[in-house]
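Trainee: Reconstruct the complex from the two isolated chains, following the hints.
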Amino acid sequence: MDTVNQARRAFLKKSVTAGAGFTLAVYLPRLAADRAGPGKTVTSTIGAAGFEPNAFVRIGADNTVTVIVKHLEMGQGTYTGLPTLVAEELDAAWSQVQVEGAPADAARYNNLLWGPVQGTGGSTAMANSFEQMRNAGAAAREMLVNAAAEQWQVAADAITVREGVVAHQATGRSATFGELAEPAARQPVPTEVFLKDPSEFRLIGKVLPRKDSGAKTRGQATYTQDVKLPGMLTAVVAHSPRFGGKVKAFDDSKTRRVKGVVDVVAIPSGVAVLAEHYWAAHQGRDALTVEWDDAGAFKLGSEEILAQYKALADSPGAPARREGDAGQALAVAAQTLRAEYVFPYLAHAAMEPMNCVIRLGADRCEVYNGEQLHTADQVAVAKVVGLKPEQVSINMLYAGGSFGRRANPQSDYVVEAASIAKAIQGRAPVKLVWSREDDTRGGYYRPLYYHRLAAGLDRTGNIIAWQHRLVGQSIIMNTPFAGMIKDGIDPTSVEGAANLPYAIPNLTVDLHTPEIGVPVQWWRSVGSTHTAFAVETFLDEIAAKVGRDPVAYRHALLTDHPRHAGVLALAAERSGWGAPLPKGRGRGIAVHESFNSYVAQAAEVTVNDDRTFTVDRVVIAVDCGIAVNPDVVRAQMEGGMGYGLSAALSGRITLQEGRVEQSNFHDYTVLRIDQMPEVEVHIVNSDAAPTGVGEPATPVIAPAVANALAAATGQRFYELPLSLSA
Amino acid sequence: MVKLNINGAQHSIDVDPEMPLLWAIRDTVGLTGTKFGCGRALCGACTVHVDGQPIRSCVTPVGQAAGKAITTIEGLDSDVARSVQSAWEELDVVQCGYCQSGQIMSAAALLVRTPAPSDADIDAAMSGNICRCATYVRIRAAIKHAAHAIAKGA
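Those sequence lines, one after another, are chains A and B.
Quick note: the first sequence uses our numbering, first residue 1, plus one each step.
Quick note: the second sequence uses our numbering, first residue 1001, plus one each step.
Okay, chain B solo, but in the shape it has when bound (with noise of 0.2 Å):
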């Protein structure tokens, strides 16, 4: 039995702890915001935060993030994973959606880390995140439209 910390609830999953974090996320505990794109930590799709940060759990074993507090996509809720969401609706940035939620989650974490990036900053955040609609330029204003956000209190 694996205890998972997924969203503030508890989960005790009977699977291999070598298993990815993703696919105990997505077909053992049911939660499907958070994606499959590469399996090999190169896409992003599958970004989650333990602990805070974000990892790529397509390459996690489910055993490592057992006890942590695990977030994904469904779970946000903190006022800067909200600027994030609201910024990226009024941007209208997604396109097919599927690299969202990943982009969302990394977009996050960077600005809890740096409330006011740069284009740099940016880069080097976001550039593990692979979006083939290229969806690049809204994820970058969206980012910084939140940030603006945030500063301002709003």
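Excised from the complex, chain A in its bound form (with noise of 0.2 Å):
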């Protein structure tokens, strides 16, 4: 039997605000923030849908519970987990859960640990959700629950609900959610309510089936590249070859002879061609003649920004860390290493290039997008149509992938988007379609970075000094987040460095951030794509050189922090660390903590006598607080690492007199099923709130493989991606 035990309830007051966490400091207009307000996120309504407690949950007369989710489902399974939280407090029976996408509304909708922003990024869609989907839950259940005590005149704390079946036992009364619904949307909207303790979880910490899967396996998602309005006009757009190139004169003659083209216009980023559909668009293109301003371009290639990078690292930078004194610790250690470490430019190459939907009319204006930032997108688009932020609706649809790149801050594809809109009016929706040569080129990469470190060790071979120098790119600078940058520190510049977790007495990390006219963007764990490299193979080459274990010596050094050394301590267990492998095999590992989430791997690789080689076997360990669903955390563990080794093996996007060298999966290469390691997936059992595991794996294996190659063949990898000398 299952009664309504308050007791064990932990009491939770309803006032959920975004104290948790950092806040972001973004410069938005009032948009957001005069309309977000305590008091204002419970609201029940009802009407021929059904039952709506408040902003996340409807129950309709058919017995479905749609849950609506703010965060954009890329791949990650916002869909079935955040579900999962209104279906655990609402006792739903998850067969009856559907799921609808939130609209742009950051009153209701935003990012609790954005501050009054609608988004979705930094692996937070669970973290910032886990009590607000609660809550919306746990509100439906109480309303339900009363209506049913006031039908058959019972009471309330005697009422069970198992499954989406409301009862009472005594008299053998019952009811579905579907039959409550009405009766349930006239009770009071309660203030307060309680949540369950974790021993009562009935679907967190279960496997449950993902959402979206049927779908999906069908061909039945829709994302943006399926959108189709009546009369809708397909554009593509002929961009500069260097980054800030404008159009100075272009010939559209041939273009408009090809059948289907339609309109040809000029728009800031490029000349847009419009036609019936995809094929003309791209053989308009194809037939236009454009003659580029370079005069404000960036004309660079990636051999001159790294010289000056290299230069830059001569003199410090501005300091992010400081601990004791690294430089006399340095100056007087019984034996001092150094190393310098390179990372390119790297691109999202999201499934789905980017696209954007696109109808404007004379007072709204409608966006279809896989959106991933949709307050900055709505003003963005806002302003470019001429309308309030409020005029623009965004419709959410899934995206065939992102990785970061849906999240722009300068709403680069979307206000380009708007700007063909507005070009012809409105006159037309408008579907904007990159192609993959478009997406390559495109810009917005995970910056290049510098890194030169060095580390002073004593006689017995502790680290007595660490000095870390990053040269690179911010990604906020000069976009609405460049408020995080305090004191010429960009965080996500520094995250995995800044932050080292390992005891050492004398630390230094600083921060040269070089403003040159590449565009560059967040790329799925930001910062610790390069960081996690650099600290855990310089630490690697550091205990090789003193003659420790690696997973002994990083114990040593992580006393204070229980979580890091959980992990590693579980994936090297589950390796079989320390058991020997035969020759050409080697075995390494890195651990690594972002976005809260803690993760180890351990990874085996064959070296071949050709000097290729293939890695094998992954092990992985997390920590990532409660596992709301353990199989979607695991296939976040999976793909997480498999999309950091494919750039760990060979991503890479380089500049030759400000162009970009690579185009499409012929030079742009990713990583295949035949590269693919066998994988096991190792999850710390935990009571803590739950954390993101969007991207946490991804800057682990890198490193993790760079110290297994070191381990098979003695050589130490300072630059990705990793190449074995000959």
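No wet-lab data here; the hints were simulated from the structure.
Any given hint could be a false lead.
With a cut-off of at most 25 Å between alpha-carbon atoms, the simulated DMTMM-like pairs for lysine to aspartate or glutamate come out as follows [to be verified]:
hint, chain 1, residue 1, chain 2, residue 2
1, A, Lys-383, A, Glu-366
2, A, Lys-228, B, Glu-1090
3, B, Lys-1144, A, Asp-674
4, A, Lys-310, A, Glu-437
5, B, Lys-1068, B, Asp-1079
6, A, Lys-259, B, Asp-1016
7, A, Lys-259, B, Glu-1090
8, B, Lys-1144, B, Glu-1089
9, B, Lys-1144, A, Glu-366
10, A, Lys-310, A, Glu-291
11, A, Lys-228, A, Asp-363
12, A, Lys-254, B, Asp-1016
13, A, Lys-228, B, Glu-1074
14, A, Lys-259, A, Glu-291
15, A, Lys-254, B, Glu-1089
16, A, Lys-228, A, Glu-515
17, A, Lys-383, A, Asp-412
18, A, Lys-246, A, Glu-304
19, B, Lys-1144, A, Asp-616
20, A, Lys-259, B, Glu-1018
21, B, Lys-1003, A, Glu-276
22, A, Lys-206, B, Glu-1090
23, A, Lys-310, A, Asp-616
24, A, Lys-228, B, Glu-1018
25, A, Lys-206, B, Glu-1089
26, A, Lys-254, B, Asp-1014
27, B, Lys-1144, A, Asp-251
28, B, Lys-1144, A, Asp-325
29, A, Lys-228, B, Asp-1016
30, A, Lys-248, A, Glu-303
31, A, Lys-422, A, Glu-366
Mentor: Below is the structure:
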């Protein structure tokens, strides 16, 4: 029997605010800030659609429970994990739960870790929703129970709810949610709710099937690429081959003769060809002649950029962390190690190239997009088309991957679509489609980074000094997120380096932030994509230099960081750490925290006679607090690792005289099935609040593989992608 | 006019015969389960079956497919294909899902040719299909799962 035992329920006040974690200082218009406020989050409405106790749940007379998810589903499992939270507290049956994407409305759907801004990123979807979505479910449940109590004239605390059925044991009465939807809507909305104690969870922590598997397996899921509105035109844009180049002149006479081409318009980012379908637009662009004005364009190559960065690294940068006196300690060290690391630009290369659909009307504008940064895009589109942000509605569709790309702080491709819609005065809905070449060359890369490290050791091989200098572009400078920059430090540049977990008495981390004209952006796991490699391979090299076991050496430095130590121990144990491997094979390990989740990976490699290598097996240990859906956690560990492995093996965007040299998957090669190792995932059992899993597996694999290759060959690696010397 | 037989239905469409089949399927006929990923037969997202063979529709001129039996993800209905889709759902293979139509088309064609594929067979048949979410571990497992189900007559 399931009685509601309130004594076992943790009492929780309803006022859930953006107090947890850090709040991004985002300079956006009053849009969100004015409309957001306490006491506005809970409303109940009665409509034909059913019972809507709050912004996140709708219960239909047909007994469906629709959960409104405010975060983009780009593969990471938000459309499964977030509804699980609602269903848990509501005691719904998983089979009756369906999912709907939230509209753009930062007053109701802001990211609680970002302040008054709606968006998805930084692996925050679960972390910021854990209480909010449970509150939403609990409030709905209470209203259903109160409605039943009133109807049946019984005490509410004698009513049970299980699997979507509300019941009163003593009288044998029961009702479905659908039957109670209408009377429940007339109940007062609770101002406080009781949440379950984790010991009472029935759905959280269980493997529930993904809500999007069926549609995605049958080709029925709708992505931006699939939107077709009446009269819609498809637009393809000719972009400058150099960042910052402008259109000087163009000749569209041949373009206009291509069958299906409807219009050609100049927009700030290039020349747009509009056609009845993609192929005509593409052909039309091929027939276009554009003369570019490169006066303000970026004209350097990757080599020149790197040379500038190396020169910058000769002088100290802005301090990100300083403890003790690293300079003094290095001077007296018995032994000193130095290393420099180079990381290339990286494209996100999501399977769905960037695209956006816009329908512009006289007093409103509709956006269809794999929407990751609602508030910024809403404001940016409004500015382009001359409307107020609240006149811009956004339909958040499935994204065919993103890895950060669709959360563009400059709203680049969304603004491009809006500019085309404006250029044709909204005469037709517009679908902007980037080709793979546009996507690869369109910029907004993981920035090129240069690191210089020095470590001083005492006579017993312990690290007494650590100097870490980083040089690279800021992702957030000159964006709405620039308020995060404090004292010259963009925290996303130094994350994973400035918060080094290893106990070292004398430590400095400093940063140079050159401003150059290559557009850069967050890329799955952001700063950790480079910091984890530098730290974890350098530490491994030090351990080898002093003849210590890399796992034991790390453990000795992690005594104040039990969660790092926990995943390190787990990955080591499950990988068979210490067991000998045949010649030509190697095992390496790395551990790293990002977005408050802890991941260790142990990789096994085989080095072939021709100096190629394969990654055979990867053992992953993760501590992400409560694993809301352990199978989604496993999937993100597998896939996040694979995404990082892709970059480690071959990811590199290079510039030559300002032109991007790569264009498609033949020269920007990515991981394929025959390169995917066997993967084992082990999840640390935890009752801590859940943290994100979309990104934290990504940065750990490159150092784990590099350390494994070093174990097999003795070669150390100072550059990504990895390359064995002849 | 190009005459296409897609999923058993006849379509007469007024397009340039050089137009890639992908765009005829997506933009003209309006079946959007087949995806655009690269336009150069490098990623496999656009894979469909023509007379049972998996092909990359983004580089196949629509004229070449005229009169042939074209099957897209929406039209999969063989026992083998259904087993593949069931396995995909059972193992929750998908993440973003964008490449999965192409993956499933390649996997279904593989299992018709090779009912009990080895890892090497799977690598050979599937390495033309990129998944940026790197769902490869599950793709491999789902193909084997489907192969077992088919062998058992399930």
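Trainee: If a hint holds in the structure, say so; if it doesn't, say that too.
Mentor: Verification of the hints:
1. Taking the CA atoms of A:Lys-383 and A:Glu-366, the gap is about 14 Å. The hint holds against a cut of 25 Å.
2. For the suggested pair A:Lys-228 and B:Glu-1090, the alpha carbons sit about 31 Å apart, so the restraint of at most 25 Å is broken.
3. With a CA separation close to 15 Å, the supplied pair B:Lys-1144 and A:Asp-674 stays within the 25 Å bound.
4. With a C-alpha separation of about 31 Å, the suggested pairing of A:Lys-310 with A:Glu-437 is violated against the 25 Å cut-off.
5. Pair hint B:Lys-1068 plus B:Asp-1079 holds up; C-alpha atoms about 21 Å apart against a cutoff of 25 Å.
6. Restraint check: the Cα-Cα separation between A:Lys-259 and B:Asp-1016 comes to about 9 Å, which is no more than 25 Å; the hinted pair holds.
7. Note on A:Lys-259 and B:Glu-1090: the hinted pairing is violated, with a Cα-Cα distance of about 46 Å set against a maximum of 25 Å.
8. Pair hint B:Lys-1144 plus B:Glu-1089 holds up; C-alpha atoms about 14 Å apart against a cutoff of 25 Å.
9. Distance hint between B:Lys-1144 and A:Glu-366 is unfulfilled; the C-alpha atoms sit about 44 Å from each other, more than 25 Å.
10. Straight-line distance between C-alpha atoms of A:Lys-310 and A:Glu-291 comes to about 35 Å, which puts the hinted pair past the 25 Å bound.
11. Restraint check: the Cα-Cα separation between A:Lys-228 and A:Asp-363 comes to about 22 Å, which is no more than 25 Å; the hinted pair holds.
12. In summary, the hint linking A:Lys-254 to B:Asp-1016 is supported, as the alpha carbons are separated by about 17 Å, within the 25 Å threshold.
13. For the hint pairing A:Lys-228 with B:Glu-1074, the CA-to-CA distance comes to about 17 Å; that is within 25 Å, so the pair holds.
14. At most 25 Å may separate the alpha-carbon atoms for a hinted pair to count; A:Lys-259 and A:Glu-291 meet this at roughly 24 Å.
15. Restraint check: the Cα-Cα separation between A:Lys-254 and B:Glu-1089 comes to about 48 Å, which exceeds 25 Å; the hinted pair is violated.
16. Simply put, A:Lys-228 and A:Glu-515 have alpha-carbon atoms about 40 Å apart, too far for the 25 Å limit, and the pair is violated.
17. The straight-line distance between the Cα atoms of A:Lys-383 and A:Asp-412 is roughly 13 Å, inside the 25 Å bound, and the hint therefore holds.
18. Simply put, A:Lys-246 and A:Glu-304 have alpha-carbon atoms about 23 Å apart, close enough for the 25 Å limit, and the pair holds.
19. For the proposed pair B:Lys-1144 and A:Asp-616, the alpha carbon gap of about 19 Å is at most 25 Å, so the pair holds.
20. A distance of roughly 12 Å separates the Cα atoms of A:Lys-259 and B:Glu-1018; the hinted pair therefore holds under the 25 Å criterion.
21. For a cut-off of 25 Å, the pair hint linking B:Lys-1003 to A:Glu-276 stands: about 20 Å separates their Cα positions.
22. Note on A:Lys-206 and B:Glu-1090: the hinted pairing holds, with a Cα-Cα distance of about 15 Å set against a maximum of 25 Å.
23. Proximity of A:Lys-310 to A:Asp-616 is assessed by CA-CA distance (about 35 Å); at most 25 Å being required, the pair is judged violated.
24. Straight-line distance between C-alpha atoms of A:Lys-228 and B:Glu-1018 comes to about 23 Å, which keeps the hinted pair within the 25 Å bound.
25. Between A:Lys-206 and B:Glu-1089 the CA atoms are separated by roughly 17 Å; this keeps the pair inside 25 Å, and the hint holds.
26. With a CA separation close to 21 Å, the supplied pair A:Lys-254 and B:Asp-1014 stays within the 25 Å bound.
27. Between B:Lys-1144 and A:Asp-251 the alpha-carbon distance is near 55 Å, which puts this suggested pair outside the 25 Å criterion.
28. As the CA atoms of B:Lys-1144 and A:Asp-325 are separated by approximately 58 Å, the hinted pair breaks the 25 Å bound.
29. Restraint check: the Cα-Cα separation between A:Lys-228 and B:Asp-1016 comes to about 21 Å, which is no more than 25 Å; the hinted pair holds.
30. At most 25 Å may separate the alpha-carbon atoms for a hinted pair to count; A:Lys-248 and A:Glu-303 exceed this at roughly 29 Å.
31. Using a Cα cut-off of 25 Å, the hinted pair A:Lys-422 and A:Glu-366 holds, with the two alpha carbons roughly 13 Å apart.
Checked against the numbered hints given earlier, the structure breaks hints 2, 4, 7, 9, 10, 15, 16, 23, 27, 28, 30 and satisfies all the rest.
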